[in-house]
Each structure stands twice: as structure tokens, then as C-alpha cells.
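K.L.:
Given next are the chains, with one letter for each unit.
There are 4 protein chains.
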Amino acid sequence: MSNFIYSRKIHFADTDSAGVVYFSNLLSICHEAYEEVLLSLGINLSNFFTDKQLAIPIIHAEIDFFKPLFCGDLINIQCQVNPISDKVFDVNYLVEKDKNLIAKAVTRHICINPETRESQFIPSYLKTLFNE
Amino acid sequence: MSNFIYSRKIHFADTDSAGVVYFSNLLSICHEAYEEVLLSLGINLSNFFTDKQLAIPIIHAEIDFFKPLFCGDLINIQCQVNPISDKVFDVNYLVEKDKNLIAKAVTRHICINPETRESQFIPSYLKTLFNE
Amino acid sequence: MSNFIYSRKIHFADTDSAGVVYFSNLLSICHEAYEEVLLSLGINLSNFFTDKQLAIPIIHAEIDFFKPLFCGDLINIQCQVNPISDKVFDVNYLVEKDKNLIAKAVTRHICINPETRESQFIPSYLKTLFNE
Amino acid sequence: MSNFIYSRKIHFADTDSAGVVYFSNLLSICHEAYEEVLLSLGINLSNFFTDKQLAIPIIHAEIDFFKPLFCGDLINIQCQVNPISDKVFDVNYLVEKDKNLIAKAVTRHICINPETRESQFIPSYLKTLFNE
Numbered sequence: 635m636s637n638f639i640y641s642r643k644i645h646f647a648d649t650d651s652a653g654v655v656y657f658s659n660l661l662s663i664c665h666e667a668y669e670e671v672l673l674s675l676g677i678n679l680s681n682f683f684t685d686k687q688l689a690i691p692i693i694h695a696e697i698d699f700f701k702p703l704f705c706g707d708l709i710n711i712q713c714q715v716n717p718i719s720d721k722v723f724d725v726n727y728l729v730e731k732d733k734n735l736i737a738k739a740v741t742r743h744i745c746i747n748p749e750t751r752e753s754q755f756i757p758s759y760l761k762t763l764f765n766e
Numbered sequence: 635m636s637n638f639i640y641s642r643k644i645h646f647a648d649t650d651s652a653g654v655v656y657f658s659n660l661l662s663i664c665h666e667a668y669e670e671v672l673l674s675l676g677i678n679l680s681n682f683f684t685d686k687q688l689a690i691p692i693i694h695a696e697i698d699f700f701k702p703l704f705c706g707d708l709i710n711i712q713c714q715v716n717p718i719s720d721k722v723f724d725v726n727y728l729v730e731k732d733k734n735l736i737a738k739a740v741t742r743h744i745c746i747n748p749e750t751r752e753s754q755f756i757p758s759y760l761k762t763l764f765n766e
Numbered sequence: 635m636s637n638f639i640y641s642r643k644i645h646f647a648d649t650d651s652a653g654v655v656y657f658s659n660l661l662s663i664c665h666e667a668y669e670e671v672l673l674s675l676g677i678n679l680s681n682f683f684t685d686k687q688l689a690i691p692i693i694h695a696e697i698d699f700f701k702p703l704f705c706g707d708l709i710n711i712q713c714q715v716n717p718i719s720d721k722v723f724d725v726n727y728l729v730e731k732d733k734n735l736i737a738k739a740v741t742r743h744i745c746i747n748p749e750t751r752e753s754q755f756i757p758s759y760l761k762t763l764f765n766e
Numbered sequence: 635m636s637n638f639i640y641s642r643k644i645h646f647a648d649t650d651s652a653g654v655v656y657f658s659n660l661l662s663i664c665h666e667a668y669e670e671v672l673l674s675l676g677i678n679l680s681n682f683f684t685d686k687q688l689a690i691p692i693i694h695a696e697i698d699f700f701k702p703l704f705c706g707d708l709i710n711i712q713c714q715v716n717p718i719s720d721k722v723f724d725v726n727y728l729v730e731k732d733k734n735l736i737a738k739a740v741t742r743h744i745c746i747n748p749e750t751r752e753s754q755f756i757p758s759y760l761k762t763l764f765n766e
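Protein chains in written order, with my numbering: chain A, 635 to 766; chain B, 635 to 766; chain C, 635 to 766; chain D, 635 to 766.
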């Protein structure tokens, strides 16, 4: 997979009383793009996020904001999945509106056993996402 | 306008640790349907929700839940706008998944001057939404 | 138990671009009061909400708004738990700021087996909450 | 000011269907600590976040997660405000539970004129927060 694009309008609930999107909500909107990537593999999201053998929690997230977003804005999120090790991968997001870069984000994910919290190898079906 | 349909997948952020959509998030998802209705009129949502002459806050909301929703579920929301008086209107929502009724909600809106909080008449451009 | 009071400041994340608390967030804030009531019984909330024998989902919620709330406002929520049947109970909420009634809400809860979705009796430890 | 501590229980609404706090919600909870710091200066938060002369948006946020958080957990957030330039400052957060480090976060804020988006000097009343 090379690039994946997720399109989404900004909802009223995404905004705050400063009149723009609340900062951490944009990370949440980026995560929706990651979910669409998973859906594109035919993954059942409900099972994926409650799997008792394999959990893939976020260990790091960061976001840079270049321009504000307003209710009703249509954004496109370009999404790439990149391996960091055989147990860790990054999802990189570029948030654009009208071809202007609005924000840039990354979430870092580690594969673990949710009971023992021990790290696990990235399952092969996720490796097809890697941008190679 | 008769019926308006809004389609939406359930995001991970919509769920809670009971494994299903958190109850008040479904009201928020219904509000997205109302926003799409407003967009269909050509309304600029950012201006609409920050208008200094006319605010249309929600004075009542209610929702009945018939079945749970899970991450990744695709829902359709049927949305109707109905006048209650010349200053108040309801937005009615039917939330469906695979043609099963999942939830039923309503939000009641009053037109006011946001400074004085005095009630105002429903503007004529919104009356075109009424289901008559 | 008669009345339970939960105090809470309004956070920036609770607000929307109209400058006040987003409507469904106030239901979520009311639910925090219900959680405090459960904690006052010594309940482990994480186990409570993920229990595989007994789930207590919300089947109905409603809220009336009398006055707007702003970021930084200190609110008190009076909370009462009332039986509706031997399987269903209501949690009633009065939201106040500076002794003014801001909103009034209710959440209706049913006891079920989360696998079969069959209704169950209200467990006795919850009956001590009933306002009698 | 040296250190500021904000205490908070994890709410059901903070969690997701993986059973733990949803990643971006912890950034939002950190922002609550920043709001408490502002309140400790006697700032009116509603005016602060809607000020037409001076806005202080977040231009960068990041968070590292070391351990999961569950509904009902009591956390303490240590919060420090540090100048980066005469127009930019960081808020650093250490999230702890039972004296274990759960997460570490930072939000970077820039002072701007909200109309022109031009950068402004940090107002003197905020400089009293700097950890010197």
C-alpha cells in the first residue's frame, strides 16, 4: 500500500469555544483514518480492538498544527503505515484542506499480549500496509 | 424536504470500555446528521454556530436505545425537521443498522438572540426543511 | 441514600464553537455523577463496566437545558437513583450553578446478561442506592 | 510557580472498547491541568479562550504512554509551564497513578492575534507561571 486518503467534514462536536477544532480531537480524527486503513484490509474493527491475544496500543502520539480548522471544513487525511521494528509501527498522517497543509501527526503502535503486556511480532496481515 | 439520510461508520473513539458506543456519543452522531441537513441548504456551518444575531440552542434532547452499536458498524440516520411553534423546531432521528432500528432520538431547538436570550422567529431559510 | 452531590468544573473540551457546553457533553458529565455514586458503594468501576455476567446499559436518556454553561463554570449535580421495576432503574440529575437550575436529566438503566441480552434482576448492592 | 498538581478520576467516557483510556483523551485530561493552572491565577477561562485580542493556540502536542489507565483510576498530573521564546511556551505534564509514571505529555502554545494570526508577546500575567 502506498498512500491512503480519508475524507471527513469537521463536526460541531469537534470544535471548542475558541471557535476551532479542539487540539486533541484532530488526533482522534486521524485515528479514524487508521481505522479506515484497517477496514480496507477486511478487518472486523470490533474484534480487532477487543482481541484477547493481540492488542496494538499507542505508545506515542504527536501532532503539529499549522492552520486552524472550522466547523463544516472538508479535510483530507493522507495516511501511511511504516514499520519501526518487527514489533512497532508508525502511522503518519498529513491533514489537508483545499490543498493546504493543516496539520501533521503520527501515532506509534506496539504489538503486545494484552494480558501479560509482553511485546509480540507484528502480524503478517498488517505488514501488507507497509509503505515499501 | 421529506427525509434526509446520513451514513456513518462507528469510530473507535465512539466506544467505551463496555465495548459498545457510549450513550451520549450517539446523540452527538445524530447532531452530525442535523449538520448535514444544514449543509444541504448551503449554510456555512462555522458562521451558523457563531452567529451573533441568531443562536439556535438545544433546549431538550432525548434518545431511546434498542440495540448496541460496535466499532466499525455502518449506520444510517434518517432525519426529519418538524416545527413545534414559530420559534421552536424538533429534529427527529431514526438510527438504523442493516435495516434494524438501533435508536430513536430527538433534539428540540429554539431560536434566540444570543445576547439577550430572547426568543426569535425561525428564519425562513430553515422553514424549507419542514416536513410538510 | 437520599441525595448525592457531584461537583465539577466545566472544561474547555466540554465547550463548542457556540461558546457554551456542547449539549451531549452535559449528559456525559451527568454520567460522571452516577459513577461517583457507584464509587461511594465501593464498586470497582473498571470491573463493573466490563462485567461478563451483568451489564446495565442505558436504554433511555433525556435532558432539558434551562441556561448555558461556560468554560470554568463550577456546577453541582444532585443525583438520585430510583427503581422503575425489579430490572430497571432511573438516575435523575439536577445540574445547578450558583443555586440556579441549569439542566435536568435522566438516564434509564436496565440489568441484562451481556451475552444473551436477557433482562436480569437489579443486584441487591445497587438497591441500597434507591431513594426510599 | 514550581509544580502544580491536578487530581482526577478516570471517567467511563474517557475509555474505549479496548477497555482503557482512549489515547487522545489523556491529552485532553492534561489540558484540564493547564486550565486549573490558569484558574489559579484568577483567570476567567471563558473570556481567556474567546479573547479577540489574544489567542494562545496549541501548535504542537505530544504524549508517551507507559501504562494503561482504567475507569475509576485516580491520577495525579504534575504540570509545569516553561518559556520557549518570548512568544511561545510549553506546558509539560507527568501523569502518575499510585506513584507510577503512566504518561508524559507536552503542549506547545503560541501567542497570536486571532484576527491576523500574527504572533504576540506572552502577556506578563502568564510569565508568573514560568518555572524559574
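Hints in this document: simulated from the structure, not taken from any laboratory.
Any given hint could be a false lead.
Same chains, same label: a pair holds when it works inside one copy or across any pair of copies.
Said to hold, decoys possible - Derived DSSO-like pairs (lysine-lysine); straight-line CA-CA distance at most 27 Å: (1) Lys701 to Lys738; (2) Lys761 to Lys731; (3) Lys701 to Lys733; (4) Lys686 to Lys721; (5) Lys643 to Lys731; (6) Lys761 to Lys701; (7) Lys761 to Lys733; (8) Lys721 to Lys701; (9) Lys721 to Lys761; (10) Lys686 to Lys731; (11) Lys686 to Lys643; (12) Lys686 to Lys701; (13) Lys733 to Lys643; (14) Lys761 to Lys643; (15) Lys721 to Lys738; (16) Lys701 to Lys731.
These numbers were taken from a predicted model, which means no experiment stands behind them.
K.L.:
Taking the hints in turn, state whether each one holds.
P.N.:
Going down the list of hints, with the structure as the test:
1. Lys701 to Lys738: Intra 11 Å, inter 25 Å, cutoff 27 Å: intra and inter.
2. Lys761 to Lys731: So Lys761 and Lys731 fail the 27 Å test inside a copy (29 Å) and across (31 Å) alike.
3. Lys701 to Lys733: within (12 Å within a copy, 38 Å between copies)
4. Lys686 to Lys721: within (17 Å within a copy, 31 Å between copies)
5. Lys643 to Lys731: This pair counts as both: shortest intra-copy Cα distance 10 Å, inter-copy 22 Å.
6. Lys761 to Lys701: between (33 Å within a copy, 26 Å between copies)
7. Lys761 to Lys733: neither (29 Å within a copy, 35 Å between copies)
8. Lys721 to Lys701: between (34 Å within a copy, 17 Å between copies)
9. Lys721 to Lys761: The answer is within: 11 Å in one copy meets 27 Å, while 43 Å across copies does not.
10. Lys686 to Lys731: between (38 Å within a copy, 24 Å between copies)
11. Lys686 to Lys643: Result: close only across copies, 24 Å inter versus 34 Å intra.
12. Lys686 to Lys701: between (40 Å within a copy, 17 Å between copies)
13. Lys733 to Lys643: For Lys733 and Lys643, both the intra-copy (15 Å) and inter-copy (25 Å) Cα distances are at most 27 Å.
14. Lys761 to Lys643: For Lys761 and Lys643, only the inter-copy Cα distance (24 Å) is at most 27 Å; the intra-copy one is 30 Å.
15. Lys721 to Lys738: Close inside one copy (24 Å) and across copies (22 Å); limit 27 Å.
16. Lys701 to Lys731: Within one copy, since 9 Å is at most 27 Å while 35 Å is not.
Hint compliance for this structure: hints 2 and 7 are broken, all remaining hints hold.
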